[in-house]
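Residue numbers (this note's numbering), protein chains in the order written: chain A, 344 to 661; chain B, 188 to 483; chain C, -8 to 329; chain D, 101 to 593; chain E, 94 to 418.
Be aware that one or more of the hints could be misleading.
[To be verified] Straight line, CA to CA, 16 Å or less: simulated EDC-like cross-link-like pairs of lysine to aspartate or glutamate:
(1) E:K100 <-> E:D122
(2) E:K100 <-> E:E129
(3) D:K421 <-> D:D368
(4) A:K531 <-> E:E361
(5) A:K387 <-> A:D433
(6) D:K506 <-> C:D322
(7) A:K387 <-> A:E536
(8) D:K301 <-> C:E39
(9) D:K351 <-> D:E581
(10) D:K149 <-> D:D562
(11) D:K360 <-> D:E298
(12) C:K117 <-> B:D313
(13) D:K420 <-> D:D388
(14) E:K181 <-> E:D170
(15) B:K215 <-> C:E39
(16) D:K301 <-> D:D105
(17) A:K473 <-> A:E487
(18) D:K521 <-> D:E552
(19) A:K411 <-> B:E379
(20) D:K339 <-> B:D446
(21) E:K202 <-> C:D118
(22) A:K387 <-> A:D573
(23) E:K100 <-> E:D170
(24) B:K216 <-> C:D118
(25) C:K239 <-> E:E213
(26) B:K385 <-> B:D474
(27) C:K239 <-> E:E176
(28) D:K339 <-> D:E318
(29) E:K206 <-> E:E240
(30) D:K521 <-> D:D551
(31) D:K149 <-> D:D166
(32) D:K420 <-> D:D378
(33) E:K202 <-> C:D322
(34) B:K382 <-> A:E536
(35) B:K382 <-> A:D426
(36) E:K295 <-> E:E129
(37) B:K216 <-> C:E39
(38) E:K206 <-> E:D225
Calculated from the structure, these hints are not laboratory results.
Single-letter residue listing:
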Amino acid sequence: MTIDSVMTLSNIHMRFPFGEDWRGRPHGFVHALNGIDLEILRGKTLGVVGESGCGKSTLAQVLMGIRKPSEGEVIRNFGADHDVQIVFQDPQSSLNARMPVWRVITEPVFAVTKRPKAELRALAADLAAKVGLRPEVLDRYPHEFSGGQRQRIAIARALSSDPDVIVLDEPTSALDISIQAQILNLLKDLQAERGLTYIFISHDISVVRYLCDEVAVMYLGQVVEHGASDAVLAAPKHPYTRLLLDSIPTMRATGGLGESLSNTDLPSNRNLPTGCFFKDRCELAGVGCDVRQNMVPTEQAQVRCCQTAATTPQKVSA
Amino acid sequence: MSDATVSVNPIKRVLSRVDWGYLWYQIKKSPLTLGGGAVVLIVLFLVIFAPVFATHDPNAIDLRARLAAPGWEHFFGTDEVGRDLYSRILYGGRQSVAVGFFVVLVAGFIGTFVGAFAGLIGGRVDVVIMRLMDVVLSVPSLVLIMALAAALGPSLINAAIAIALVRIPIYVRISRGQTLLIREMSFVTAAETFKASKLHILRWHILPNILSPVMVQATLDLGSTILLASALSFIGLGAQQPTAEWGAMVATGRNYILDQWWYSAFPGFAILITATAFNLLGDGIRDILDPKQKAR
Amino acid sequence: MSFLNVIRRRLMFLILVLFGVTVITFTISNLIPGDPARMIAGDRATPEIVQNIREDLGLDKPLPIQYLRYLEGVVQGDFGNSIRTRRPVLEDLRIFFPATLELALTALFFATALGIPLGVASAVWKDKPIDHFVRVIAVTGISTPAFWLGLLVILLFYGNLGWLPSGGRIDPSLEMPTRVTGFLMIDSLLAGDLTAFGSALKHILLPAFTLGFVHLGVVARQVRAAMLEELQQDYIRTAKANGLSRFKVVFTEALPNAMIPSITVLGLALGDLLYGAVLTETVFAWPGMGAYVVNSIQALDFPAVMGFTVVVSLAYVLINLAVDLIYMAVDPRIREVS
Amino acid sequence: DGDADLLVVAKASDPQTLDPAQTMDNNDWTVTYPLYQRLVAYDVSEDGKGLTSVIGELASTWTASDDGTVWTFDLASGNAFSDGATVDAAAVEYSFNRLMDLGRGPSEAFPGGMKVEATGDMQVTFTLEQPFAPFLYTLANNGAGIVNPAVEGKGDDHGTEWLSANSAGSGAYMLTGWERGQSLVLEPNPNYGGATPEIEKIRVDIIAEAAARRLKLEAGDVHIAESLPVDQLDALGSKDGIEVQNYPSLKVTYLYLNNKVAPLDNVDVRRAISAAVDYQGIIDGILDGNGVQMHGPIPEGMWGQNKNATQYSYDLTSAKKALDVAGGASEEISFLYSDRDPLWEPIAIATQAYLSQLGLNVKLEKLANATMRERFDTGEFGIATGNWSPDFADPYMFTNYWFDSKRHGLAGNRSWYSNDKVDGLLQQAVVSSDTAERTALYGELQEIVTDEAAYVYLFQKDYRIAVRDDVEGFVFNPMLEDIFNFGGMSLSD
Amino acid sequence: MADPVLKIDGLEVLFPGFSGDVHAVNGVDLDVQPGEIVGLVGESGSAKSVTAMTALGLLPAGAFRQSAGTISILGRDVATMSEREMNKLRGGDVAMIFQEPQTALNPTKTIGKQMLRVIELHSNLRGLAARDRAIELLKDMRINDAEEILGRYPFELSGGMRQRILIGMAFACSPKLLVADEPTTALDVTVQRQVLQLLHAKARQTGASVLFISHDLAVISQFCDRIYVMYAGRVVESGPAQKVLGNPQHPYTAALIEALPEDANPGEPLASIPGTVPNLVNPPKGCAFQARCRHAHAACDSRPVLTDVGTKHQAACWLREEISA
Ligand SMILES: Nc1ncnc2c1ncn2[C@@H]1O[C@H](COP(=O)(O)OP(=O)(O)OP(=O)(O)O)[C@@H](O)[C@H]1O
Ligand SMILES: Nc1ncnc2c1ncn2[C@@H]1O[C@H](COP(=O)(O)OP(=O)(O)OP(=O)(O)O)[C@@H](O)[C@H]1O
Ligand SMILES: [Mg+2]
Ligand SMILES: [Mg+2]
Ligand code: NI
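Work out the full structure: start from the sequences and follow the hints.
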């Protein structure tokens, strides 16, 4: 269905061993990713949403190439000299406190090839200007900056090696709303200017709706719904997506907080549930849910699902 | 900026990162640290300028003035061959302090590198190194030191080498632990994403960040090393005569403790005061640099 | 991780330690210049006598063979015969170990009984005069040369005041109680001999104080650090918000949790005390392993030195095992996760 | 204390082994010597002084063949081991065979190839391969103690393990308890053949710290305190209830000059060193005057001393002159000592200072005693300190041991001295049983070795011991330092 | 009208520090009436927590200084209360829950132990009766297997579960005032909703007043009757939730709402607020928001006070002053 994809993930699984008995054999495995298929479109922003622990960051690491999936394949459709960069959630630990800002920003460059200092500084100054930092800050150290400024530094660092794709792992979660808006604007500008591809990980649906072209909803290491963000978020098909959207408090809500949800606990990813992963929390769960579900395309999106949901009339609150 | 021409050495970089004003502010708040620091400075000063402050040649014997009581001629009295104890204590401090610094530097450097290496490489290498360190730590250290010192032959430098060897595992543990922590930080993950080499990560991320806990440990170690060195000298495995050394002086002096208490009392006090001062300073620096670090 | 797993892991490590320790000490022992055979032979012995002894002791064999022979013995519980006393090393250690253990445990008791309250007070009243006081005590403790402190207390309490004996485990004029545990204080109580108990107690006071003073500092510092750590935890805030009094917050909430990390330190301290006793025992003529090993090193009595090292290392590993198990017993977090 | 029947001796360290065939340590002998009897014993003069001549102990009479190679001893009757068994010829034969068979240090005192045979129930014959002048005296050694043959049944290797911690002798006392590292208890042997000892119990307390030993002595907890530093003795002498006893002794302190190592291989360097030491300064300063400078190797009080032999004295000018003759010496000279004797360190320091006046560069090395002895044996040293006390009263102890080139190293010739002529003299002197002839031989020898400055003969020191004044009957014998005649001692109230 | 459950007047709190005193709270007036749910909203560092913690006397002794202001709880001035009385108050009439459910429970004690401790401390219930009470509280929090949960350790439970337990504990002794400091920030949205629902229902049911702290405007809007908007240690606007958020009168409140991506058009840039919050070591003399404010003018150099801008609706801004004047 697509023409230009920068990366393709097919059937990615990721397991982490945990515990060790006295012979060093693991007690078992954490199943962080359980069969992810995704196509990432050039120049677009893909939003990834889901509850804590559903494997978003693990997915990011697979995309970055710092973790080899236990199963499945990542295909990269860009030259070897271009790469994927990342911006992390926690601006505190993502910058080395012992490097001056100009070193931090140019690290992706000098870590790989030796360059004269003057050249690096020039590059740093250039990038700093791009992300809205004044050049005189280049000799300071990261801890002297506010959260928002640190996130700008992190973005500048991601840009320095001129990547095609930037993975943004909850880049604004630790920031205040007023600062979040600044960063989101910056990201948009940079994308427009450089034709970057973003993978934007978040649990804030409204940010995803604002920023992303496409959205993938993750649950327990699987994508349960994937499609154009306006379509998916306006008319979710999968019961989990619906639950997520229902749970988000909005300023305009009139109905108060409503009824209490019964089961909010995520199933364990050590012993994966049989059948549909969502069945224990699903209002619509029925007979067909005892088998694993596959992704099925609908008009606007792909939905992992769920005979029941596909056939049940949509019931989305505002 | 002339930055492009200046080569930056890591120590200077670390020091340049210290906010001296802040450090002073913290030290001022803690009278104990301040006191410890002051005594350390005084001790270092006295010891470095021992020739200036000494009233006698520390090795000049005078059999006719053996075991003289403290007085104007000999501030702290004399020893069993009539040497001036005051002057010997001044000179003796040189040995103790030098051993302290030597051990901490040698063990610190080797231990830090080995630990960082093990932590960064991980896998088998790490396991082998750490098990080895565990084994060394399980061996009673004093016996190991005594045996090593005996094997190398008694001399202060050999004692220092023995102590340094035995203390390496402590630094390996600290630096490895710290390396593992730092390796999990997202700036290292970031560096991995742009395919930085292990060497780059070691040089730019690990080492600069483990230096401060290592330095904290090192300051704390100074006190205990001085103590340990004097203990070795006490059992005759340290400094050799006629070189003055505090532990050795206490050892000889104990034969005279009933009638000539000053012989072992003054060098004993010298050890106590110096070690206490270094420990207070180290404690204070730890509190400032690394308030979370647990006492070991 | 289960109890069983921890035990299994530690026992595996024990084998490793046993091997490592014997290799290390054997190597170093043999680096020490000196010939044990000469030592036995005495000053005026002829070379034939020395050679004769060397053969008797197997010292004429190549080192690796000697090592293997030694290891073979150790596996069968035979640590060889002491060169100095001519008796089986294990036999000697069996005599001296309880004395050292009794001293170490008493010192540990002293260090904890005082160190914990001091550490708690210091943390609760951080930066107050009492905190400074405790820190000075603690730092002085770890900075005092035990060998020197020992001399001073002997001089004071024995020499000047005459209140306490200068050394030994018990007044030699008393009948030794029947040996049951090897701990004089316990054995004398078991025998119902209060005089002996009193004498043993009097004898252990000074060495235990001297030895414990160092660790008093270690314990107080550890408890202080752990308490400070716990006191700033969120659950303390919850407890306060729930209306618990300061006293309860400190003693029923913070202290138990602060003791968990401190167990490790206490375990290490006991290990330390066991071999840290070396110098103290010398000063106080305490008939324990410490004095035994010092004499053995001086006399190039390698079997004895190695026996000591192996036993103490073993004790060290076992203490660690105990610490791990206690840890698991008191900290529910470890029992089930991971 | 308060217990008149108990005598307490304070020692610095625990005995190592109590087997007379094994121990070579004076420290052990304090305990072992009174546990056993020997064929002969040192005599005591009328006025209670220890003599260097021997009388029979287990032996009632003895004869030697004219050539001095066959010795026949008749045993006195009535002596019995602590288990009641009679001390007979078989026991003597057994003891000596055991000693030689074990072949440990003590066996060295007896001439090689010595045969011991019970030639009757109560008669033993010793056959030597060649005459050995001091033979009779060796029989008074600790190693010559007669052991109950019953030990054979106590385990392998002649019951050594058992005997290392138990007693099986016929001495006045027997071992009844040993708390390791704390104390040993001796009680009278009920079957002892001699006069019943007065003291009902003897306790040897192990107190490592000299200061503590002294304090215990002052407090009256201890009757006899061994090895107190010189400085403490002076202070003690003035205390109530304590007596510091002085005995002339044959124990000497001297420096080994390694004749094989440069620059000490040059006789003039050795002479220079001998003249650069301030003997009187050391005696006055370090010994508080309690000693005299030696006059050659043989001490005062031992027959055979040659007063005409050279005695060096502190004379820097002549020392410098000698050094000039040698052409100077630039090598660093190592000086070994250990903490075995607290006097050695001050001596070492003083010597270093004296020699530095000559421009000699001395490096002090304090070693564990065992390590130091090893170095004596390998000859890797320049100078070293040593003490020497004789096992029996014969100049042999100070000459054959010290200068015989067959005894290089630890065995006795610790300065690695070699002189064919001297070797010849020694050989002659040992096989002769004519005292006058031997005196002449040793006299000549002394002139040679003092001239060649093989050792630095420092001083001969009195034996001084601090004793509570209620201890009576102690007899000091210069052959038996640190050994007490418990059987003859008593406590007054 | 009855006495306010909580009343704070002119509170000023500062933390001495290396580069000077941190003026965290700079004159806060606030009240909570019986049965009312009051929201405290503001960006990170605006002193929401410090204000609440000072009120309950939970700030670590020695680290802070209250330089001005009075606090009264249930009509009593806390300054006059002894430590004993405060302890009786806390956990009894006043309860507090915190942001991090991970760490807010003692990790080495079972849930049961921790709950019983509170119940027994503040009520006459003992033993089984106390246990029944604990089970009842948990059941109210929709925890079905309550008996089993009592025997569990905190680490064995999910974050949502722990927070529900903490709420249950807070209600153990029917408090008149509950202070909830960002109780759901660390939770997932689905869990957040459940916790908020339970908390809301329980408060209404028992008639307890709630001081609810959050930086999430949407949550505040749904949860609270009345809100205070804080900025740099000051209250800049207060009033009924719907009014303040529907018709913000302070430029800061307005800008904050505009900056939300919720209603933004994906094609257009978000309305961001330039700059960052002021440094509290030297808080601005005048209006704290001046430096970032679109409407700033000369008058803003002096400090505006809260003035009525509608019924029960107040704002501290010279602009509104002028308008209303
Ligand atoms: N290195 C690892 N070892 C073991 N388990 C891991 C590891 N990394 C992640 N996991 C597990 O994998 C699952 C997914 O983790 P991940 O960090 O990808 O979640 P997430 O969606 O990013 O969550 P959050 O929103 O909290 O950041 C979690 O259960 C986590 O515990
Ligand atoms: N113990 C303390 N020592 C020094 N400064 C403190 C302390 N506690 C809080 N502060 C300072 O007081 C100010 C207000 O902090 P507070 O925690 O109340 O903010 P908040 O509004 O609750 O923010 P958040 O939304 O991040 O919880 C901050 O600037 C903070 O740095
Ligand atoms: Mg994540
Ligand atoms: Mg807060
Ligand atoms: Ni799977």
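Check: What are the numbers of the hints the structure violates, in ascending order?
Finding: Numbers 5, 6, 8, 11, 12, 13, 15, 17, 21, 26, 31, 34, 37 - these are the hints that the structure violates, sorted from lowest upward.
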